[in-house]
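Chemist: Letter by letter, the chains look like this.
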Amino acid sequence: MKLITAIVKPFKLDEVKSALQAAGITGITVSEVRGFGRQGGHTEVYRGAEYRIDFVPKVRLEIVVADESVDSIVSAIAEAARTGKIGDGKIWVSDIGQIVRIRTGESGVDAI
Amino acid sequence: MKLITAIVKPFKLDEVKSALQAAGITGITVSEVRGFGRQGGHTEVYRGAEYRIDFVPKVRLEIVVADESVDSIVSAIAEAARTGKIGDGKIWVSDIGQIVRIRTGESGVDAI
Amino acid sequence: MKLITAIVKPFKLDEVKSALQAAGITGITVSEVRGFGRQGGHTEVYRGAEYRIDFVPKVRLEIVVADESVDSIVSAIAEAARTGKIGDGKIWVSDIGQIVRIRTGESGVDAI
Amino acid sequence: MDSGNIAWVLVSAAMVLFMTPGLAFFYGGMDRGRNVLNMLMMNFYCVLIVPIVWVAIGYTLAYGPSAVGNDFIGNFDAAFLKDIAITGEDGGMTLATVAFLGMFAAITPALISGAVADRMKFSAWAIFVPVWSLLVYVPVFKWVYGGWLGQRGSLDFAGGTAIHVNAGIAALACVLVLGKRKGWPTEGHPPHSMPLVMIGTGILWFGWFGFNAGSALAANGQAVQAFMNTFLAAAAAGLAWVVVEWLRDGHPTNLGAASGIVAGLVAITPAAGYVSGMSPIWIGLVAGVVCCYAVKLKAKAGYDDALDVVGVHFVGGLVGSLLIGFFANPEFFGAEFMEGIFYGGSAELLLEQALANGAAIVWSFAITFGLMKLLALTIGVRVDEEQEATGLDLALHGETAYHSGSLG
Amino acid sequence: MDSGNIAWVLVSAAMVLFMTPGLAFFYGGMDRGRNVLNMLMMNFYCVLIVPIVWVAIGYTLAYGPSAVGNDFIGNFDAAFLKDIAITGEDGGMTLATVAFLGMFAAITPALISGAVADRMKFSAWAIFVPVWSLLVYVPVFKWVYGGWLGQRGSLDFAGGTAIHVNAGIAALACVLVLGKRKGWPTEGHPPHSMPLVMIGTGILWFGWFGFNAGSALAANGQAVQAFMNTFLAAAAAGLAWVVVEWLRDGHPTNLGAASGIVAGLVAITPAAGYVSGMSPIWIGLVAGVVCCYAVKLKAKAGYDDALDVVGVHFVGGLVGSLLIGFFANPEFFGAEFMEGIFYGGSAELLLEQALANGAAIVWSFAITFGLMKLLALTIGVRVDEEQEATGLDLALHGETAYHSGSLG
Amino acid sequence: MDSGNIAWVLVSAAMVLFMTPGLAFFYGGMDRGRNVLNMLMMNFYCVLIVPIVWVAIGYTLAYGPSAVGNDFIGNFDAAFLKDIAITGEDGGMTLATVAFLGMFAAITPALISGAVADRMKFSAWAIFVPVWSLLVYVPVFKWVYGGWLGQRGSLDFAGGTAIHVNAGIAALACVLVLGKRKGWPTEGHPPHSMPLVMIGTGILWFGWFGFNAGSALAANGQAVQAFMNTFLAAAAAGLAWVVVEWLRDGHPTNLGAASGIVAGLVAITPAAGYVSGMSPIWIGLVAGVVCCYAVKLKAKAGYDDALDVVGVHFVGGLVGSLLIGFFANPEFFGAEFMEGIFYGGSAELLLEQALANGAAIVWSFAITFGLMKLLALTIGVRVDEEQEATGLDLALHGETAYHSGSLG
Ligand SMILES: Nc1ncnc2c1ncn2[C@@H]1O[C@H](COP(=O)(O)OP(=O)(O)O)[C@@H](O)[C@H]1O
Ligand SMILES: Nc1ncnc2c1ncn2[C@@H]1O[C@H](COP(=O)(O)OP(=O)(O)O)[C@@H](O)[C@H]1O
Ligand SMILES: Nc1ncnc2c1ncn2[C@@H]1O[C@H](COP(=O)(O)OP(=O)(O)O)[C@@H](O)[C@H]1O
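Protein chains in written order, with this note's numbering: chain A, 9 to 120; chain B, 9 to 120; chain C, 9 to 120; chain D, 20 to 427; chain E, 20 to 427; chain F, 20 to 427.
Just chain A, same shape as in the assembly:
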């Protein structure tokens, strides 16, 4: 099994979720994160003093999938999240040794 982690633009979350549902994914864990990257941040000015905000709001998705689905899911996310502008984000994949569904105690692919 693999863990796919994706960092995407917040307003793309709905589209990514739909794409994942279409691809048969039934579970996702998301969180609010901030990203630093090529996209750069922005400046705010309060009473004439500038504050540099380097970290841009992003959403992070974590999805555990069976090995064989990795490629299709990664491309599904990439396509749904793409705007073509800097800051679209990253997707990375790592190995998972074990997964457990807490409710039932099931483990392995059944637990996904």
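It is worth saying that the hints were derived from the structure and are not from the lab.
Please note: incorrect hints may appear among the correct ones.
[To be verified] In silico DMTMM-like cross-links for lysine to aspartate or glutamate, where the CA-CA straight-line distance does not exceed 20 Å:
#1 199/F / 58/A
#2 199/D / 58/B
#3 199/E / 58/C
#4 93/B / 350/E
#5 201/D / 407/D
#6 93/B / 404/E
#7 101/F / 350/E
#8 25/A / 206/D
#9 201/E / 22/B
#10 93/C / 118/B
#11 201/D / 58/A
#12 93/A / 114/C
#13 319/F / 58/A
#14 319/E / 58/C
#15 93/B / 22/A
#16 101/E / 350/D
#17 199/E / 350/E
#18 93/A / 118/C
#19 315/E / 58/C
#20 199/D / 405/D
#21 201/F / 23/C
#22 319/F / 403/F
#23 201/D / 405/D
#24 93/C / 403/F
#25 93/B / 403/E
#26 25/C / 206/F
#27 315/F / 62/A
#28 93/C / 405/F
#29 199/F / 405/F
#30 93/A / 114/A
#31 101/D / 350/F
#32 93/C / 350/F
#33 201/E / 23/B
#34 93/C / 268/F
#35 25/B / 62/C
#36 201/F / 58/A
#37 93/C / 114/B
#38 319/F / 206/F
#39 199/D / 403/D
Given chain A, put chains B, C, D, E and F with the ligands in place with the hints provided.
Modeler: Below, chains B, C, D, E and F with the ligands alone, put in the same frame as chain A:
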């Protein structure tokens, strides 16, 4: 060493924490996340217009443990977090190559 | 490629970011987390009733790097984040099988 | 000079000033977190620019000494507060009235901000507000108070026609020119902070006592009745909205209570000094039910009135204004105005009410539409897509509403 | 008719209306983020339903023309505001009083909401409020003002017995029927938003000037003294609470300052028009210290009074009411009421104060307990466990207080 | 006794009381989330301690019966409110004035809190406030109102010199002793909650009508003019600040609007009862522009005035006070005071204004600096580094402003 990631219901956090302490765990990192899964979300109605909230609040725990403790810790979490109702969450385990305690620079199992 | 995850004290974030930039890192994903560990939490008293807050605010950094940079980046973070007091945090490293830059579809080291 | 009256008008004026921030929070809480500051700014801007415009020429054109001007518009005799003395007989009452009415002038365009939320250029708003005040608010005000509509016998105690119907229909004209927000109506946006909405609601209700009861321009029996009406109509309308929701949607909501309270306050505004007894409760109940359904019209009709200015202010104001035709009770007030149908009157008052509102609607809609079109063709009224996606707080004001947590 | 008095009573009434939202924020901020809207709704609901009940029959039963009814309850002569004119001699003063007292009627049951927080069915609350108002608030009010208790010589200027002791003991009866919140007292829940608590505190203090000084029902010397007392007692009690905390817990807290201010305001309420000089400072200091300890009783006694309605309103009201027995100073006011012990009086006033509170406590506790039991046996008073775990905002109102950040 | 005047002074006093919480929110919103409660506490503490000090000896020393004391300080004749009756001729007016002025006494030290934000020991603040009130506020107040400065003919209607210039320069003295916050000026800290800032702004403006117009101590023509001036100057200054920002920084901001409004209110405070017509607009425009640039001085001069008390209150107060020298218009008020230069006067008034402010500045700066030094040498004025890093809310008050989300 392994990284155990657990997604649990927020109100179970205290119990899980106690179970982990009882199991000898001395460090945990937690964060607020939102989960999408079988549990489904809920609908809110404002001025008669419905808003569908698909993502349910969850808490995510990350714990680095020595290889030999993995199974006991995973079951400790699973037991403490279980309500038997849909949405209890998942636990997954991945490999960690290296860990460093920032304060001392120690690494490996000593740094956990 | 590797994923470096670091848990640091919030007020150290700026220094860590600068150290990482100095080390040539161009992308970081950060999030707010809470840590439980040796540092302990604190007590708040409202109308004479005590509330124990066990989880201390921390910041979590995730950085995907090429294999060869891991050691230097880990030490850069550790040095920048160190205060020498309990609670400085942890850094751990895991393997990444694949990484994709969403904007371009590039993958592998080019996508970092 | 009567110190009690002066005290009352001044306090009322301060309370009405407080309503504009209250409105800002009411609207701002309903908005998304990335547009809330733009909403606050649109509202606060009204109390920065309108007072200046009002004392310069607004007041004299709208309400100057009754002898001035004609039935359609005043003249410039009292421009720049000329000849308004505080010494002598009057003792400052005229000047107090100028201030009191200045608060009304300021909040009226602010009402419109709720409709254009999330997508209007602030530069366009900055021009819209003073120009609209002079071209729409001032003439309609004149017609209703002392001008041709008022002279015919129509009634508008504290601004149902002149303020709520007027701003409500202008809001519709604005959104027709502006167009819909991206994603509307498929994507919804729940209020980012309901406590902020409720803070706004509390301030609005508090201030509205000054708005309505202060409109008696004296601490007298009419003021007391207007006060009581403001109390009862808001309560009844809030209750009605909540009950409809409970039956229809299964939940009584805070936003429903807040919306109902505001709808009731709007509806009683024109009637506050003319109705008595249980009438405000009936007016409130009708307004609560009608507005609760009216806010759903926009989805069907396809105009994106973001925070329901049309459904609450236009509809609520119209309901209240027309109900005067039924409930007006001159005997109770010992005053000379037409009786409502339930108090032995003919349908004449109702017709006059309809005419007054009709005239206000036509003028307000036409001029507002034209003004927005003109702005659209010149400086543009709509932010670009990226600004809309980023959020107006950052894109237009370089500010972010909340910087909490360690990541700011 | 005196325009100054009318102005003063109307402004005071508006200020008291503003207190209910203030109370909602004070309580709501202390609550958890998932129950705050339920708390706001319980409070706002009071200002929706009670005004209607009040003008329908509450006022006439509680305070109607003094000739009406008997020493225990009024009659229906002024039901539905019948025969309350604004013209003539009275000039609206009676109607202004009806409105002013209507605000008191509305906030009294709202006080109870703090005790039942986090677990009461909203449907039960919806019935409880109007019924409690008629069965408990109205008779106790009558007894204290013009009825058998007042006639015996006990004093209650602005509602220490009739409002705070009454609502405070009713709160105790409610929580005894309701039971404890899940996890209480082992799990604590710190305030979700202290700034919201402080916004509520600011509004409460502001409004309380209307509450107490407005109760003179005229802008006269007694109103001024009541105003000064309200200022000083709140300050002294806030100070006392903070000092106790600082010495005892090591920290002076905002919640302590806020709680002390409210305790002082509660304690001075019955005394505001009867004490003078430095007395309000002493009353405030006593109330601040006593209430600061009283809020700790619940943990020992085992009743789950979530936001300390008993510890602050019942105890604070009782302290203030009994201290009148020591501090009452009729000479200063040039008025006819019994002297307190420190001003040359006997213990008679103190005994009358004790009797009046005793009577109110017995009636309020018994009827409230019975009413809650009846509701428990019929529609149920308590949400189910899952709703309690989910949070009442979502479970009962289908709303969420805050939707910030990108995940809403 | 005139009930209208009593009503007006009491309402105004309540409005001024409300300003201190308003100021707390204005400042607290600008602060970081981990120091907001300390900011609120510093402000609320002022309304706990100062009222007691004021009625004990502050009032009699500052403003007691004009016959008492000398030109520099009053005597103890009215200490502990001795001999202030509410019966008889006066009807409570004197006591109402004591209360009204007590609100001013409370908010003045609160103004300073914005400068010392984020790093001052609360224990030091707890001592500073009452001592500063007696050593600085009381004498300066006496000099300006009835003392040697006022007798020479300088004007200060509602406290430009006595309050804003005084507190503003004291703030500078405080931060010079306290030193800079860690990281200042390289690290910036944007406001943690702009909506909270705007809530504070709304309350401040509302309350300021009581502050300025109430200072007429009667509901008369001068009060009306002061009211109008308060309205127009705030609007004009807010507008000016926003326009400068828009041109200079590219964005019109909420914080700019709020800051401008406050700057305008500060500037019109001394002038409110002496200027008329369009003068308040000019005063507001000047204050808005000057203060918008003045807040940037601190970075250059190197003093860490965290929330710009110097830039807004000192500078704004001084601007307004000096402009009286140009705009004073005694004829309009039918009163006896010197004419401003634009109304046919010589430079004498301007010189008196300069002298009065100069005297206040010297005294306030010197005594405040000495007091802070004394505190620094004894109990210490500055929190330690770890407390500063942790945040003062937790370190000093054991509280956290927000506990939202599932992790509290
Ligand atoms: N090496 C990295 N490790 C972890 N996260 C990264 C890394 N590089 C970029 N990111 C994340 O991806 C987001 C987008 O990256 P950015 O460089 O701005 O644009 P792009 O993905 O289009 O190249 C960043 O905001 C950050 O959250
Ligand atoms: N494949 C997955 N990858 C990542 N997180 C998942 C996945 N499936 C479920 N989750 C997380 O687990 C939570 C519970 O899952 P859900 O399907 O609702 O119930 P259950 O765990 O009882 O089957 C989800 O809210 C989500 O946070
Ligand atoms: N085993 C662990 N797994 C995951 N996170 C940990 C672990 N141990 C500690 N942490 C994280 O590191 C932070 C610091 O740990 P702590 O024990 O307080 O101090 P130190 O790092 O100095 O030993 C914790 O707050 C927690 O977020």
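Chemist: If a hint holds in the structure, say so; if it doesn't, say that too.
Modeler: So, going through the hints one by one against the coordinates:
no., hint, in the structure
1, 199/F / 58/A, "18 Å, holds"
2, 199/D / 58/B, "18 Å, holds"
3, 199/E / 58/C, "18 Å, holds"
4, 93/B / 350/E, "71 Å, violated"
5, 201/D / 407/D, "8 Å, holds"
6, 93/B / 404/E, "14 Å, holds"
7, 101/F / 350/E, "15 Å, holds"
8, 25/A / 206/D, "14 Å, holds"
9, 201/E / 22/B, "14 Å, holds"
10, 93/C / 118/B, "17 Å, holds"
11, 201/D / 58/A, "31 Å, violated"
12, 93/A / 114/C, "14 Å, holds"
13, 319/F / 58/A, "15 Å, holds"
14, 319/E / 58/C, "15 Å, holds"
15, 93/B / 22/A, "26 Å, violated"
16, 101/E / 350/D, "15 Å, holds"
17, 199/E / 350/E, "48 Å, violated"
18, 93/A / 118/C, "17 Å, holds"
19, 315/E / 58/C, "11 Å, holds"
20, 199/D / 405/D, "15 Å, holds"
21, 201/F / 23/C, "15 Å, holds"
22, 319/F / 403/F, "26 Å, violated"
23, 201/D / 405/D, "11 Å, holds"
24, 93/C / 403/F, "16 Å, holds"
25, 93/B / 403/E, "16 Å, holds"
26, 25/C / 206/F, "14 Å, holds"
27, 315/F / 62/A, "24 Å, violated"
28, 93/C / 405/F, "12 Å, holds"
29, 199/F / 405/F, "15 Å, holds"
30, 93/A / 114/A, "42 Å, violated"
31, 101/D / 350/F, "15 Å, holds"
32, 93/C / 350/F, "71 Å, violated"
33, 201/E / 23/B, "15 Å, holds"
34, 93/C / 268/F, "42 Å, violated"
35, 25/B / 62/C, "10 Å, holds"
36, 201/F / 58/A, "18 Å, holds"
37, 93/C / 114/B, "14 Å, holds"
38, 319/F / 206/F, "15 Å, holds"
39, 199/D / 403/D, "13 Å, holds"
In this structure, the earlier hints numbered 4, 11, 15, 17, 22, 27, 30, 32 and 34 are contradicted, and the remaining ones agree with it.
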